[in-house]
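K.L.:
Using the sequences and the hints given, assemble the complete structure.
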Amino acid sequence: MAAASASFAGSAAVAVKSNRISNTSAITAARRTLVQFQPSLSYSQCRSKVSFASSGVKAQVAAVEPASAKPIQKVEAPVVIVTGASRGIGKAVALTLGKAGCKVLVNYARSSKEAEEVCKEIEASGGEALTFGGDVSKEEDVASMIKTAIDAWGTVDILVNNAGITRDGLMMRMKLSQWQEVIDLNLTGVFLCTQAAAKIMMKKRKGRIINIASVVGLVGNLGQANYSAAKAGVIGLTKTVAREYATRGINANAIAPGFIASDMTAKLGEEIEKNILKTIPLGRYGTPEEVAGLVEFLALNPAAAYMTGQVLTIDGGMVM
12 MAAASASFAG SAAVAVKSNR ISNTSAITAA RRTLVQFQPS LSYSQCRSKV SFASSGVKAQ
72 VAAVEPASAK PIQKVEAPVV IVTGASRGIG KAVALTLGKA GCKVLVNYAR SSKEAEEVCK
132 EIEASGGEAL TFGGDVSKEE DVASMIKTAI DAWGTVDILV NNAGITRDGL MMRMKLSQWQ
192 EVIDLNLTGV FLCTQAAAKI MMKKRKGRII NIASVVGLVG NLGQANYSAA KAGVIGLTKT
252 VAREYATRGI NANAIAPGFI ASDMTAKLGE EIEKNILKTI PLGRYGTPEE VAGLVEFLAL
312 NPAAAYMTGQ VLTIDGGMVM
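Oh and the sequence shown: position 46 is 57 in our numbering, straight run, nothing missing.
Calculated from the structure, these hints are not laboratory results.
Hints are not guaranteed to be accurate.
[As the list claims (entries may be wrong)] Within a straight-line C-alpha distance of at most 25 Å, the following computed DMTMM-like cross-link-like pairs (lysine to aspartate or glutamate) qualify:
(1) K158 x E132
(2) K289 x D274
(3) K217 x D162
(4) K131 x D152
(5) K278 x E300
(6) K215 x E255
(7) K214 x E132
P.N.:
What follows is the structure in structure tokens.
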């Protein structure tokens, strides 16, 4: 499973043509504020040792040590699950939340080495992390992932659904297998993870769910019927979850990135890149860290407590 880059750059051959859509002034103002926002929450620093075995992940979690010697009330570090967190946006999100003081479960499908490196980086900054290898489109893997977080830390406070893939091709030539694989991982995976995590959050009447969608879920894209449909589905699912779980204290929001710098965009070539940048008013790609900063705001900041069911675009002005 590749971490979702949430960009249009599914393939070098796909041309991008975006239609402008109108957002309300409230969402536009919120987006401008959020992109620049730097959260300032402080959590108790934690130390952990994580051992990796072929039969599964074993986590030895050390006791939380207060960052200050003053007799203040201890604030438990939030427990976060980030899917598709071994690279790209998912990696940036895991690192950002880990460095903010969260306990982070780093989900991956095949990139175990990269996932372990993410954990080590979080631990080096004083946080706690463990990895879980599993396919979020499979119900049994999702159940095992949630159990791993519960066994290690007792709960799940925040879920970031980021895992995704692309299997690009024009509609007339797209195979059913290409369609189904993207729908299964990018949409059904979000459904399964949300359903499982929400059961834990409901017991506490508190939780935050952030889904990584894409601007293609809003405007479509040539050669990405499967990806566009999946991301549009994620947006609709997010709004439904927000309505159904609002009375249980759970917030659900989606982020729709545009072109985000990645290994994929680096291989597009100068001519294609030039054409892409012409469609972006700010004239550049976004970075995974910029998306992660927006996730951090929605996940941790008290100012986001009154936000739910929203889709926040972070795309350099492509969709207005």
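K.L.:
Does each hint fit the structure? Answer for all of them.
P.N.:
Hint-by-hint comparison with the structure:
1. K158 x E132: Holds, because 24 Å separates the two Cα atoms, which is no more than 25 Å.
2. K289 x D274: holds (20 Å)
3. K217 x D162: Holds: K217 and D162 sit about 19 Å apart, inside 25 Å.
4. K131 x D152: Answer holds: K131 to D152 is near 23 Å, not above 25 Å.
5. K278 x E300: Holds - the C-alpha atoms of E300 and K278 are around 20 Å apart, at most 25 Å.
6. K215 x E255: Status holds; Cα separation ~16 Å.
7. K214 x E132: The given pair, whose Cα atoms are some 32 Å apart, is violated under the 25 Å limit.
Against the hints set out earlier in the document, a violation occurs for number 7 only.
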